[in-house]
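There are 4 protein chains.
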Amino acid sequence: MVTERLSLSGDLLDSNSLAKVLDLLNHFGIGFQIRKFRVGEYSSEPSLIELFLTAPDLQTMRSALKACEEHGATFNLDEVVLAEADMDGVLPDGFYSTTNFTTHILLDDQWIEVENVEMDCGIRVWKQGETWNAATCAMHSVRKGDRLVVGFSGVRITPLDEEQRDDQEFRFMSNDVSSERPKRRMIAHAAEAIRKAKVEGKKVLFVGGPAIIHSGSAPLLARLVSDGWIDVLFAGNALAAHDIEANMLGTSLGVDLKTGSSGPHGHTHHLRAINKVRRAGSIAEAVKSGLINGGVMYTCVTRGIPFVLCGSIRDDGPLPDVITDNVLAQDTMRKFIGGVGVCLMVATTLHSVAVGNILPASAKTYCVDSDSDTVIKLTDRGTHQAVGLVTDCEFFLNELVANLSV
Amino acid sequence: MVTERLSLSGDLLDSNSLAKVLDLLNHFGIGFQIRKFRVGEYSSEPSLIELFLTAPDLQTMRSALKACEEHGATFNLDEVVLAEADMDGVLPDGFYSTTNFTTHILLDDQWIEVENVEMDCGIRVWKQGETWNAATCAMHSVRKGDRLVVGFSGVRITPLDEEQRDDQEFRFMSNDVSSERPKRRMIAHAAEAIRKAKVEGKKVLFVGGPAIIHSGSAPLLARLVSDGWIDVLFAGNALAAHDIEANMLGTSLGVDLKTGSSGPHGHTHHLRAINKVRRAGSIAEAVKSGLINGGVMYTCVTRGIPFVLCGSIRDDGPLPDVITDNVLAQDTMRKFIGGVGVCLMVATTLHSVAVGNILPASAKTYCVDSDSDTVIKLTDRGTHQAVGLVTDCEFFLNELVANLSV
Amino acid sequence: MVTERLSLSGDLLDSNSLAKVLDLLNHFGIGFQIRKFRVGEYSSEPSLIELFLTAPDLQTMRSALKACEEHGATFNLDEVVLAEADMDGVLPDGFYSTTNFTTHILLDDQWIEVENVEMDCGIRVWKQGETWNAATCAMHSVRKGDRLVVGFSGVRITPLDEEQRDDQEFRFMSNDVSSERPKRRMIAHAAEAIRKAKVEGKKVLFVGGPAIIHSGSAPLLARLVSDGWIDVLFAGNALAAHDIEANMLGTSLGVDLKTGSSGPHGHTHHLRAINKVRRAGSIAEAVKSGLINGGVMYTCVTRGIPFVLCGSIRDDGPLPDVITDNVLAQDTMRKFIGGVGVCLMVATTLHSVAVGNILPASAKTYCVDSDSDTVIKLTDRGTHQAVGLVTDCEFFLNELVANLSV
Amino acid sequence: MVTERLSLSGDLLDSNSLAKVLDLLNHFGIGFQIRKFRVGEYSSEPSLIELFLTAPDLQTMRSALKACEEHGATFNLDEVVLAEADMDGVLPDGFYSTTNFTTHILLDDQWIEVENVEMDCGIRVWKQGETWNAATCAMHSVRKGDRLVVGFSGVRITPLDEEQRDDQEFRFMSNDVSSERPKRRMIAHAAEAIRKAKVEGKKVLFVGGPAIIHSGSAPLLARLVSDGWIDVLFAGNALAAHDIEANMLGTSLGVDLKTGSSGPHGHTHHLRAINKVRRAGSIAEAVKSGLINGGVMYTCVTRGIPFVLCGSIRDDGPLPDVITDNVLAQDTMRKFIGGVGVCLMVATTLHSVAVGNILPASAKTYCVDSDSDTVIKLTDRGTHQAVGLVTDCEFFLNELVANLSV
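Residue numbers (the numbering used here), protein chains in the order written: chain A, 375 to 780; chain B, 375 to 780; chain C, 375 to 780; chain D, 375 to 780.
By construction, these hints were calculated from the structure, which means they are not laboratory data.
Take these hints with a grain of salt, some might be off.
Where chains are identical, the list cannot tell them apart; a pair therefore holds if satisfied intra-copy or between any two copies.
Once the Cα atoms are required to be at most 27 Å apart in a straight line, the calculated DSS-like pairs of lysine-lysine come out as [unchecked claim]:
1. K738 <-> K518
2. K577 <-> K709
3. K709 <-> K501
4. K632 <-> K440
Throw the hints in and build the complete structure from the sequences for me.
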């Protein structure tokens with residue numbers, strides 16, 4: 375199977391040249407897919423069509439191309455350019471670097487298949503009697519005097535399937551979700567999206583999990599709230615309870631946030647904090663009475679930022695503000711979704727998926743988690759618009775604050 | 375922005391009806407993309423073209439569609455069908471289930487935008503004065519007597535971007551790599567691919583890591599080798615050393631494979647096994663002398679299955695068969711790549727990526743690992759053909775043996 | 375710092391020999407920890423005390439040991455045994471294999487420090503003038519004629535800290551949670567625990583997540599229920615909804631369980647299934663009416679096995695049986711906890727932690743997840759008794775059924 | 375089974391009171407373990423022994439304790455303190471918070487077992503006729519007027535096994551490896567360790583993987599080298615190649631580090647960079663000739679910091695400085711291990727385990743990876759001294775630079 379690209383331009387539709395070319399391709403048994411189809415808006419502007427052809431063999435392809443040429447079709451049949459290696463183990467400058475797809479090169483008017491296809495190699499070419507041969511050649515195997523392909527001319531790769539069509543599409547790092555990305559850059563993007571949303575009068579929704587508190591990042595989130603970047607907070611009992619525990623007792627789930635170690639009876643701390651707020655009646659009352667004097671929830675209350683705390687079956691207590699009925703909790707969240715332009719989902723699988731479920735796809739959504747599986751799960755449940763950042767919540771919040779504080 | 379699908383069929387090219395339709399669309403300022411383009415091979419067979427249209431507003435779209443109709447273009451402008459809820463909290467049978475994309479419905483000759491778009495809801499429709507309204511309605515919020523959309527007629531969703539075009543493409547579980555898949559089915563596919571490769575005279579390459587031995591799966595791999603399903607084995611020092619340790623001393627990295635516990639001095643076992651083989655001169659010699667009498671390597675030797683053991687800097691010993699020079703090891707693997715039809719990569723990131731690097735994309739490749747990141751890394755390094763199975767090597771091998779033993 | 379072990383036995387308390395030995399150790403400035411302390415129950419049975427000594431230097435240690443000897447204390451001061459390497463690159467049989475702790479050897483009545491400590495090496499010994507030297511020697515660096523330590527006599531390693539005291543405790547694979555384990559063996563253990571619980575009249579509680587259905591393992595879980603191994607099931611809306619979706623429509627979250635691919639409109643399937651059950655009034659009513667005729671929930675209903683479905687904020691629908699209030703859901707689960715002997719937690723972080731919260735530590739708990747982080751989180755929240763199996767739920771259930779069907 | 379703690383102090387050994395107490399315990403059939411054993415160094419300093427007792431029942435325990443009292447043994451038999459709940463759903467201040475272990479309370483001279491043991495609850499006490507009853511009580515279930523235990527007096531929990539002995543040891547967050555930690559604090563510790571090593575004249579070894587470059591963190595690592603904090607760098611071909619690719623072409627594995635997107639032909643970039651260095655002969659020569667003018671490797675060369683690049687079978691090229699023979703590579707690394715006080719292992723499983731293999735346990739080792747499995751694998755292979763930080767390399771390096779720049 376051989377593939378080729380063919381372009382048609384000009385007054386295609388009126389002159390009926392498209393119809394004629396397609397007829398010819400049919401005649402030669404050449405398959406085609408339309409890649410581009412641009413129809414000139416004004417009569418002065420020419421139309422442009424690009425076709426991707428698949429022929430059973432080279433001979434047929436060349437015959438068909440020649441026939442199409444008469445109707446104004448253009449294509450490229452430049453031959454490969456060769457260069458000689460000037461030292462062992464080094465490819466010539468500008469070397470063609472292989473993919474792992476079946477590859478042919480055009481040389482002396484013939485298409486030669488490259489043997490031993492393998493990515494990240496050069497293509498070595500040699501003559502045996504009258505016949506040209508070509509094979510991949512790993513960099514270390516190059517010997518001085520070898521002839522190798524340079525540039526992109528005259529090289530054709532054969533599609534494995536519909537979706538992998540040409541060299542452009544052989545690339546590394548194509549997965550959306552990976553921890554191996556320049557994340558600082560992605561966080562800067564999120565910051566820009568937040569600024570833009572605020573300018574446009576849209577809301578920023580923050581959805582967070584308790585690891586924000588455990589990792590000692592509460593001051594960063596409180597800063598975002600305090601600086602006016604967050605318009606509404608969705609969380610569960612745990613984020614609020616540990617935030618309050620940290621404020622009252624200096625620990626998060628019993629771990630001292632200054633020393634990182636678990637003290638004696640630390641396991642009772644979050645219960646003591648929750649109990650005190652239950653006695654006060656609500657988080658707002660506890661803030662009012664001075665029981666809580668810092669942290670994320672304190673900042674929400676004093677800044678008037680609304681929060682929705684949704685219950686779950688693993689909750690202790692829970693805090694009096696937690697909505698324990700799931701259906702009511704969902705409906706309460708729904709009331710705050712209108713007008714959300716950016717949604718940040720940080721360190722929570724449960725709440726991220728729950729909010730993804732009720733969010734329109736038009737809301738810019740960033741999902742931050744140390745585990746790539748959280749992002750995979752979120753998009754697997756339909757929140758395709760989510761941009762995944764596989765990273766630490768502490769890092770994310772730190773960078774975001776830095777970006778938004780400029 | 376409004377979208378619509380439009381079909382043209384018949385003798386499109388000769389009659390120039392395509393040209394006329396495209397002209398009309400241009401005239402109305404309607405964007406279009408060609409989705410299907412099938413040209414009739416014989417004159418008796420009609421051509422078919424499907425266009426995806428994007429108009430600035432509904433009025434324009436409808437005017438354009440009407441104009442195109444004269445040239446044989448067909449489209450669907452059926453209105454939505456409504457049904458009344460017959461009880462609280464339950465949608466009518468055949469209810470339309472929403473996506474999270476912007477949605478319009480066609481009712482009384484008008485396009486109405488659905489409010490509060492959210493996935494997995496019904497669409498509730500009501501009249502306020504003379505105006506129709508539509509909004510998403512969660513299942514639990516349905517009240518007896520509500521009118522809701524049923525079926526797919528008259529509902530249009532607006533693309534978020536180029537790649538997400540229509541309802542077909544809103545779906546769950548779209549990620550290639552996830553542990554939440556019916557894996558038994560995928561393993562059956564791999565087994566079929568292996569059978570097919572053998573029938574076609576192609577080779578099956580097995581690339582494995584030491585977790586195969588640690589998890590107690592050596593007998594399963596040995597069984598595959600023994601039954602003739604594997605033509606060549608690529609591994610490192612660890613797989614071979616722990617396989618031999620297990621055969622000689624019953625442990626893998628000191629863990630007793632019968633009891634699962636680490637015995638005293640277990641940490642010395644793999645070194646003792648390696649030392650004995652170094653004394654024997656090679657694995658084959660150790661098998662010959664009776665020092666090794668079972669396991670994966672034993673089966674390879676006695677069945678004459680070639681293996682390439684590639685060294686790494688974390689190796690102890692290493693075994694005398696290990697190729698310690700990486701370049702030589704790569705070149706040795708290359709000698710066995712020709713003719714490989716199926717490649718199984720099991721429980722090893724290092725060797726999977728290394729083999730992926732030298733494998734043609736045409737080789738059917740299955741990458742099995744308990745961590746989805748391994749599969750992500752492999753495809754991020756260009757081995758796009760790899761089918762990922764996020765699962766236990768023990769489970770994979772067990773099922774594969776069962777499938778191939780029938 | 376030098377360490378040594380010392381044993382005392384006999385009529386220690388009456389003869390006051392313990393008091394005398396401890397006095398002596400104090401006198402010499404030797405630190406000690408009591409490792410074993412067994413007091414004879416009858417006068418005929420001797421007491422036994424083992425002490426772990428730490429001296430500032432070897433000279434002091436030896437003087438102290440000699441003084442203690444008079445009071446019946448015993449210890450071991452055998453020297454190292456050396457053997458000559460008989461070929462290059464191979465250690466002598468019975469070689470001592472090093473740890474990464476500071477190491478001394480006793481040779482010619484002197485303690486010599488081993489240079490370049492490194493795990494998995496031999497100890498090479500050589501004489502320079504009158505002085506003995508010792509250094510680690512990697513296997514490949516051994517040269518014929520080298521003298522190396524064999525056996526364990528005369529080697530002392532120095533504790534890094536309180537918890538890592540002796541050679542016994544240097545070992546590989548010491549983490550409780552890892553995917554590199556012989557899991558088949560651990561599943562057999564779980565099966566035994568289940569059988570034992572049933573014999574003792576205790577209950578078996580199964581806590582499961584929807585991946586059981588997505589992975590096609592519903593028939594395995596249904597089998598366990600049907601065979602009487604499960605006494606109560608805790609789950610969420612998702613497990614039940616997808617189980618019923620699979621029964622009604624053959625898909626799980628739209629993925630066809632036979633082909634593994636997502637069909638058109640698959641994303642609506644679970645909603646259609648839930649809607650039908652809401653119309654029926656309950657799962658039991660839907661079973662009664664024939665709407666549901668197989669699967670996990672069907673089997674629970676027909677076998678009379680109670681189930682508790684706890685709601686969460688990410689639920690669609692939910693099913694009418696789901697308890698949407700978290701506090702009520704927790705209290706309902708509490709009613710079934712009494713008498714639970716074994717708890718299996720499979721493929722769910724949320725429900726595992728929730729159930730762990732209300733489970734007594736005496737209940738044998740197995741936590742099965744493809745992600746080691748789930749098990750880490752569970753024990754980090756106090757369920758220390760949980761045995762973690764980092765594996766696929768499909769594999770676990772398959773093996774468990776096989777073990778329990780014998 | 376009942377447990378109790380008992381202390382003995384004074385001139386225990388001379389007066390033989392220890393012997394007498396142990397005899398008594400034996401007589402009553404009470405098991406004991408010695409928890410503390412401190413012998414007075416001077417005659418004026420009293421000895422102290424703490425025993426942990428296990429009796430078959432409360433009656434026996436109390437009889438034995440009374441008998442021991444005569445010999446100077448002390449123990450605590452205070453009863454529980456009760457407080458009345460003053461409002462619904464709130465525990466009294468100072469409430470006792472339960473664990474999940476079997477629990478008894480001492481009330482009116484009797485030990486009462488607490489029913490329904492469950493962590494994170496209060497203990498409610500009530501009288502039925504003449505009998506006291508006690509049961510756990512979830513916070514939300516408290517009713518005004520309920521009597522609940524406050525403080526720690528009179529509560530005894532029964533050990534599940536040897537290792538879980540008392541309330542101190544029931545705690546959350548006990549796993550060493552978890553992403554839910556205050557990592558900033560741990561990074562500050564690492565910075566202190568580095569400063570201390572430098573003061574003591576010890577070396578700092580950095581072991582790094584290519585994700586450092588992919589994530590855009592090369593400038594941070596270069597900064598550490600440039601500021602003199604790193605004495606030697608161990609890495610593979612990939613870190614060096616992508617660092618040089620980033621310097622020459624602005625990409626890492628083809629991903630533009632400024633925009634985060636993959637450009638056309640990006641997949642050829644690292645090969646082009648490697649080829650140029652091969653032509654130059656070495657990294658140092660390429661720096662000298664101006665071919666490389668920034669980045670990690672440039673900084674090492676210009677600052678005279680030695681580096682060891684160890685080959686692997688997945689390498690492209692490789693760079694001329696890479697040691698392709700594993701055994702030679704290991705031996706080369708060994709030459710730089712002497713004097714290493716701190717080892718930082720960042721974003722590489724292969725090199726971390728390899729270096730862990732040759733590192734003495736006395737070297738402070740920090741293993742930084744976004745995946746907890748890397749740290750688990752490292753300690754499972756014997757590098758028990760490694761402190762794991764489950765986080766992003768970008769975050770780690772950023773914080774470390776900040777800490778060391780003060």
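Check each numbered hint against the structure and report the violated ones by number, ascending.
-> 1, 4
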